[in-house]
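Residue numbers (our numbering), protein chains in the order written: chain X, 607 to 1049; chain E, 607 to 1049; chain P, 607 to 1049; chain H, 607 to 1049.
If you're looking for bench data, these hints aren't it; they were derived computationally from the structure.
Mixed in with the good hints, there may be bad ones.
Repeated chains share a single entry, so a pair holds when one copy, or any two copies, can fit it.
As the list claims (entries may be wrong) - No more than 25 Å apart at the CA atoms, straight line, and that leaves these computed lysine to any residue pairs for SDA-like:
no.	residue 1	residue 2
1	869	655
2	1009	895
3	675	749
4	866	833
5	1035	966
6	872	654
7	994	894
8	872	830
9	980	1016
10	1042	1022
11	847	833
12	675	697
13	994	902
14	738	1018
15	1026	882
16	675	830
17	790	848
18	1009	894
19	923	894
20	866	930
21	1020	973
22	869	895
23	980	654
24	772	835
There are 4 protein chains.
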Amino acid sequence: MWDSSSEEAVLEDPCQPPSELEKKDPRSAAEMPPVGEDGKTAAKRGLLERLSSGEIIIGDGGFVFALEKRGYVKAGPWTPEATVEHPEAVRQLHREFLRAGSTVMQTFTFYASEDKLENRGNYVEQRFSGQKVNEAACDIAREVANEGDALVAGGVSQTPSYLSCKSETDVKAIFRKQLDVFIKKNVDFMLAEYFEHVEEAEWAVEVLKESGKPVGATMCIGPEGDLTGVSAGDCAVRLVKAGADLVGVNCHFDPTTCLKTMKLMKEGLEAANLKAHLIAQPLALHTPDCNKQGFIDLPEFPFALEPRLLTRWDMHKYARDAYNLGIRYIGGCCGFEPYHIRAVAEELAAERGFLPVASEKHDAWGGGLAMHTKPWVRARAQQAFWEKLVPASGRPYSASFSKPDSWGVTRGDKDLVQQKETTTENQLKEMFEKQKNITGMEA
Amino acid sequence: MWDSSSEEAVLEDPCQPPSELEKKDPRSAAEMPPVGEDGKTAAKRGLLERLSSGEIIIGDGGFVFALEKRGYVKAGPWTPEATVEHPEAVRQLHREFLRAGSTVMQTFTFYASEDKLENRGNYVEQRFSGQKVNEAACDIAREVANEGDALVAGGVSQTPSYLSCKSETDVKAIFRKQLDVFIKKNVDFMLAEYFEHVEEAEWAVEVLKESGKPVGATMCIGPEGDLTGVSAGDCAVRLVKAGADLVGVNCHFDPTTCLKTMKLMKEGLEAANLKAHLIAQPLALHTPDCNKQGFIDLPEFPFALEPRLLTRWDMHKYARDAYNLGIRYIGGCCGFEPYHIRAVAEELAAERGFLPVASEKHDAWGGGLAMHTKPWVRARAQQAFWEKLVPASGRPYSASFSKPDSWGVTRGDKDLVQQKETTTENQLKEMFEKQKNITGMEA
Amino acid sequence: MWDSSSEEAVLEDPCQPPSELEKKDPRSAAEMPPVGEDGKTAAKRGLLERLSSGEIIIGDGGFVFALEKRGYVKAGPWTPEATVEHPEAVRQLHREFLRAGSTVMQTFTFYASEDKLENRGNYVEQRFSGQKVNEAACDIAREVANEGDALVAGGVSQTPSYLSCKSETDVKAIFRKQLDVFIKKNVDFMLAEYFEHVEEAEWAVEVLKESGKPVGATMCIGPEGDLTGVSAGDCAVRLVKAGADLVGVNCHFDPTTCLKTMKLMKEGLEAANLKAHLIAQPLALHTPDCNKQGFIDLPEFPFALEPRLLTRWDMHKYARDAYNLGIRYIGGCCGFEPYHIRAVAEELAAERGFLPVASEKHDAWGGGLAMHTKPWVRARAQQAFWEKLVPASGRPYSASFSKPDSWGVTRGDKDLVQQKETTTENQLKEMFEKQKNITGMEA
Amino acid sequence: MWDSSSEEAVLEDPCQPPSELEKKDPRSAAEMPPVGEDGKTAAKRGLLERLSSGEIIIGDGGFVFALEKRGYVKAGPWTPEATVEHPEAVRQLHREFLRAGSTVMQTFTFYASEDKLENRGNYVEQRFSGQKVNEAACDIAREVANEGDALVAGGVSQTPSYLSCKSETDVKAIFRKQLDVFIKKNVDFMLAEYFEHVEEAEWAVEVLKESGKPVGATMCIGPEGDLTGVSAGDCAVRLVKAGADLVGVNCHFDPTTCLKTMKLMKEGLEAANLKAHLIAQPLALHTPDCNKQGFIDLPEFPFALEPRLLTRWDMHKYARDAYNLGIRYIGGCCGFEPYHIRAVAEELAAERGFLPVASEKHDAWGGGLAMHTKPWVRARAQQAFWEKLVPASGRPYSASFSKPDSWGVTRGDKDLVQQKETTTENQLKEMFEKQKNITGMEA
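Here chain X stands alone, though its shape is the one from the complex (with noise of 0.2 Å):
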């Protein structure tokens, strides 16, 4: 467990050591419920069931950056093609996850709406359509957690007519098509996420409690609130009143700044008398020098974030922090790889009564090194080691901060609005120069 007794929230309760812990494999026959035609678990309970018994929940990481590592995804457009193109990447994605300890399968549908798969000459929706990769991401999303006790959430994230302006009728349509493909595919619960106005994300919130089933609903907002000035306790509040079950933050920045969020928005949610699950899903990506927009206003986005990238170290602390805060669905987003995940459930594996399968290969804070053939690296086998080190960059010209964009933009500025056909030459030619301005950058 994250020793956190030089910090000022201390844990009253200590608990078992998790090396005392069974590793339950959640694969085990006696364990495996009956799996239904449609892909439905017959017995396997449901997301408000086990938030309400107190169970933990834990996310999975974040799809579109691990597997545009792997190949199988377009930086710049970002969306799930794969589900179609490259189905046995997805799946193997999904597995390690599940392995990892995740107890719920996201469809890989992260900007899967229709306007999304054909803005700026993207060819998805004209090659496969929203619903091919829409269906077979839920299938796949089903598969892998039928292979253990997780539960699949359909999830569906901001949209480009929203930036636009498109109207609410406009916007709530594309939300409904996905939704059809959730509702015919029978998936246990809804998850909105991503969204940088909370009006958008009311509004999907909407659509997705027409189908009956628990919705959560995330923002990839900071401390200082939406995009359009909505505090963080705010948008809790109208999350909730427009009925989701389960509120929280996801992406854009660091767990630490996610946390922080987090607090705001439970706070909100006392002062209102209103009760809703929490959920954080933050990046893996150490970001202390974002300013509103995140981690998408860094130079280093999105091909020079490596040195930002968490260790499983700062997952267990991240893990600790997010459980003593109330959190109980605690996940991940960019930049969370398996062994994240892994850590934040060996973390939290001693309330949990498990450890992860993938943990066979992973003995508690780096306890496997006992069998490293050099004596200086098994001295390295405890957690006061790890748990102190702050680890160098190896990077002698780089500095702790970077200083953000701060181009100002926001929805209904021109700049946003989307359109069908590739960006042309002149347009990129405008915005470099428009960078060299704000930046100081040399062309």
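Given chain X, put chains E, P and H in place with the hints provided.
Relative to the frame of chain X, chains E, P and H by itself:
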């Protein structure tokens, strides 16, 4: 192409921009060679044939690190039982490297010698046997190699037996057991890699030569030479004299350091009037602060190396520098993920005449960002931006350099004698105590 | 002038370039005012007259830090016995600040209260007496002030007595002893500085007001307010109500942080409909990582702060930002050397109408480099170069941030009760032990 | 004493703790030697006598940098007209170094050759004449030397004439003019310092030898040797053969780098069977990232070097390492302030048998903090704390390393031909343009 105009080494013949290149899918039917029953491709050109004709061979990345993060390899023993336990995970990683541009599928047989599979409590030898692990590795590598125009390399690495001062006969017997599998499975060539002592590497080469197949050999040394003080140049000379067709370095140091070592090896061979092909497979981790033992000695090894991870742009520079130095087998080791190999392949696309398959998800130099919804991110869709960017660490409490461990323990030291038994609590305590005295760490 | 065009606050009326300005020597005969017998200049305009007419007052830098480095002040007690022991050293430093552009010579009477001069074994009270130290300080300040058009400020600072919970009567009696000297020596105005508790600062102001002279008051607090939790705005309000003509902050934080605090103070005064002149005298040390106690809590305090030292270019930005915020008494504290004050004076030369004398040895924005022998150094003789440069630390083992001590000890704690006796070995051992537990440092 | 127990070089005979030592005031009446009319002390032991008897000579710090910050020297020309314009400022700095432990007062005659005093528009030669500047420097140095047991060294440095390819006769004539003053003023010994080319240094030594006094010579080179490629070892050999009694390095590099160079010089002398005393006077600035030209090439030179400044604790290590290497004339150059020299003197107090006068304001290893009011600051009053501390930079936007300029311009290049005329606007523009192309800086 990496712009080295402001650096010392200037490429004399600037070549066509890769954007002009056709993305050639090595899996296209027309090119797919017939495959025999034993998995051997009838028509594939061999390694030496390719190298002699000037073809650039692109290696793959490090499997143990990549699969550790995916949950299939245990850090500490670092053994490859996943070939038996989870072949689908190993296959998927091979496939990603193939798509990224690798022309070699190296069998996942690192540390698959019998003495390692039973060292310090490792269960693999007893549960599966080394033979089974090695055979499974060959089958998977061949299966994926045949999905493209790739060769299979059978790999051996340094042994606990040598560290424990076993005899030449004993050590060679161990290599020979792996070789038997490689011959049976008819791999295309042999690769002896990750040797800290040139003597053991010579023994490995001598054994592998018995196969009649081409043999490559790489040492995990830096510019200071091997652990017994043999210079990098002399190491190269001795390996070629022992029979290696291909010599170089792998692992332990970053590309910059490895290329310094390669320069010394090349000069050593020239001084001795010897000819050999050159191979480099460095870390994808920055290690400017390492001493002779490489990254093993860094306190961050192996669980807090994240900030040191190279970006894809670092890889462009590496590929160009390696090419300019005359190296024609260019690959990677620990830390390399598929997108790193793709960057190598993209940098050398003009020289090779084609782009890797996975570039369908990656336009040159961030070009895909032209499809991003945010205008300031679209403004990063240019080489000038990424080539100059020095990424921030996002870690204000991190320094650039670490002080490596310097236990000074080398072959023959009692701490390096390996054992079948699990490391005992007492042995660990002794190590912790020693570490405290050496590094001043508080227990 | 500092170019803030790319920053949020933009100066609307760009002013004349300083290079056009005449270097006006305040010591030139024509301007030198007649000097009376008691050292008072008959014709010098007073502080409030100057401030009310819009004149910019430039303070001096921190004497204890500067003289500690020159060998005349002891870090720990930080007392100003150098006025008696080595008046030539104190006089020289005053003179350097005068030449650099300071319009105030503050008496070197920091920590010159009787209770401090005899605290923890300090010999000064007994050997010289506080009266003698304070008188000598006044004489030196007046002598140098009269070499130019500068005013003399008599300064008092927080007392050990207050920390030890002595009564208002006792603490005021201590301030009154120093005041008696200032009245006798007829200083031009009073400055109560370096207060962590607003209550003690109020007491000081009330005593100093008895003189009938203008009184300024600065607290060493950050945006979080004083150590008892009084907000920065409320501190300002209470000080003005107590009689201060001039309020602000000094010491403990860097310019950026101090200006944040000043903004809060200004807003507090406006909300209370109070008017006062504003003063800022921050550190010349970067302190982004400090908590409420400021740089005292940094492990680097006071003997390893070098890497944090501001450059002259940082000072240009500070001067401009302070001016834009409406502050008209702009000076410095610990870390400020004469060249830092000169940079402030150079940045504001257009507004003031003249350059400081010491600019005869410093052309604007590095212009003097045009005389360098090396061409690439001559190429640095331009504002564009220095304004954009982010200096490297040259320290690869150093991080950007430290974790400040957080003992949480405040007034009333037994560890804060001061004593005449030297700290005993046992007391020190206790401290070392406490520190080990708090910071994890190894003894 | 610096604890080097955890480092490679271990001092065999640990010596008494300095705290046991009596603080010996060199100015105490009993010891003060009689002083002759010309300022020469009748009884002072000479340089060689002292060195031969094993005495440690402590040099002073760099005057041009220290006085630039105090407002008396112009960066760019770096000439010492302050000896005439503000003798009180020069005298005060000498006095501070004397108090700090310096046993040599080096005349402030750096760059005081005639050709430098009139280079590129410099007014000094015409307004005062080189003779007057040099004479005033000698008088001030002698005056302060006689306040203690210090010697006066007459210093010469490299000339613009040599850079502009003037003849040996011309260059020697320039040195001889300064020598005439030193002979007239009867300095105790000669020091030729800051030479980038060994040939010019030889000429200087040959001229200075004409005086019959001891001659020291230091080059501003690193381990790579002089700018024409003469190795450090060969430089030392040639200087001793030219007549130098004392050889070594000064300026341009940090202590670590300078001691590497000194090791090479020492080995060169031993290999040539030559004997000479060794002297080191490095920067007080960290320069791990410098190339052959030293800190001149860093973009931070000379106005943004603050973060690189050494702490007093760095100086303890330097003094110990220099002593262990056999160097017995240990001083400093640019960046050294009096407290740095005091730290050298404190580290070597046991070997010298006394502490410097200024230690009356500095207890060993932060001991004075025992008198601080805050308990957590008192807890820093110990060697263990300061010796291990790696100070943070407080600069999250700063990297550790800079890329030095690499113009590759050397003696004979037209850009190095010096001129009497002020650099013209056109010449500056050309430089700015060149710089942009070399460093990629935007104008």
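Tested hints:
1. In this homomeric assembly, residue 869 and residue 655 come within 25 Å of each other (Cα to Cα) only inside a single copy, at 24 Å, whereas the closest approach across copies is 51 Å.
2. For a Cα distance limit of 25 Å, the shortest separation of residue 1009 from residue 895 qualifies both inside one copy, at 7 Å, and across copies, at 17 Å.
3. For a Cα distance limit of 25 Å, the shortest separation of residue 675 from residue 749 qualifies both inside one copy, at 24 Å, and across copies, at 23 Å.
4. For the homomeric pair residue 866 and residue 833, the shortest alpha-carbon distances inside one copy (17 Å) and between copies (24 Å) are both at most 25 Å.
5. In this assembly of identical chains, the alpha carbons of residue 1035 and residue 966 lie at most 25 Å apart only when taken from different copies (24 Å versus 52 Å within one copy).
6. Only within a single protomer do residue 872 and residue 654 lie at most 25 Å apart by alpha-carbon distance; the minimum there is 18 Å, versus 51 Å between protomers.
7. Within a single copy, residue 994 and residue 894 get their C-alpha atoms as close as 20 Å, and across copies as close as 22 Å, so both meet the 25 Å cut-off.
8. Proximity of residue 872 to residue 830 under the C-alpha cut-off of 25 Å is found in both arrangements, the shortest distances being 15 Å within a copy and 23 Å between copies.
9. For the identical chains of this complex, residue 980 and residue 1016 are inter-copy neighbours only, at 9 Å across copies versus 55 Å inside a copy, given an alpha-carbon limit of 25 Å.
10. In the homo-oligomer, the alpha carbons of residue 1042 and residue 1022 lie at most 25 Å apart inside one protomer (19 Å), although the nearest pairing across protomers, at 35 Å, exceeds that limit.
11. Taking CA atoms no more than 25 Å apart as the test, residue 847 paired with residue 833 passes inside one copy only; the shortest distance there is 20 Å, against 41 Å between copies.
12. For a Cα distance limit of 25 Å, the shortest separation of residue 675 from residue 697 qualifies both inside one copy, at 16 Å, and across copies, at 17 Å.
13. With identical chains, the CA atoms of residue 994 and residue 902 are at most 25 Å apart between copies only, with a shortest distance of 19 Å across copies and 30 Å within one.
14. For a Cα distance limit of 25 Å, the shortest separation of residue 738 from residue 1018 qualifies neither inside one copy, at 31 Å, nor across copies, at 62 Å.
15. Neither within a single protomer nor between protomers do residue 1026 and residue 882 lie at most 25 Å apart by alpha-carbon distance, with minima of 39 Å and 54 Å respectively.
16. Taking identical chains as interchangeable, the C-alpha atoms of residue 675 and residue 830 are never at most 25 Å apart, the minima being 31 Å within one chain and 34 Å between chains.
17. Taking the closest pair of Cα atoms, residue 790 and residue 848 come within 25 Å of each other only inside a single copy of the chain (24 Å); across copies the shortest separation is 66 Å, beyond that limit.
18. Both within a single protomer and between protomers do residue 1009 and residue 894 lie at most 25 Å apart by alpha-carbon distance, with minima of 11 Å and 15 Å respectively.
19. In the homo-oligomer, the alpha carbons of residue 923 and residue 894 lie at most 25 Å apart both inside one protomer (16 Å) and across protomers (23 Å), since each shortest distance falls under that limit.
20. In the homo-oligomer, the alpha carbons of residue 866 and residue 930 lie at most 25 Å apart inside one protomer (13 Å), although the nearest pairing across protomers, at 32 Å, exceeds that limit.
21. Proximity of residue 1020 and residue 973 under a CA criterion of 25 Å is satisfied inter-copy only: 22 Å between copies versus 55 Å inside one chain copy.
22. Taking CA atoms no more than 25 Å apart as the test, residue 869 paired with residue 895 passes in both settings, with 20 Å inside one copy and 22 Å between copies.
23. For a Cα distance limit of 25 Å, the shortest separation of residue 980 from residue 654 qualifies neither inside one copy, at 49 Å, nor across copies, at 36 Å.
24. Taking identical chains as interchangeable, the C-alpha atoms of residue 772 and residue 835 lie at most 25 Å apart only when both belong to the same chain, with a minimum of 20 Å there against 49 Å between chains.
The structure fails hints 14, 15, 16, 23 (numbered hints given earlier, in ascending order).
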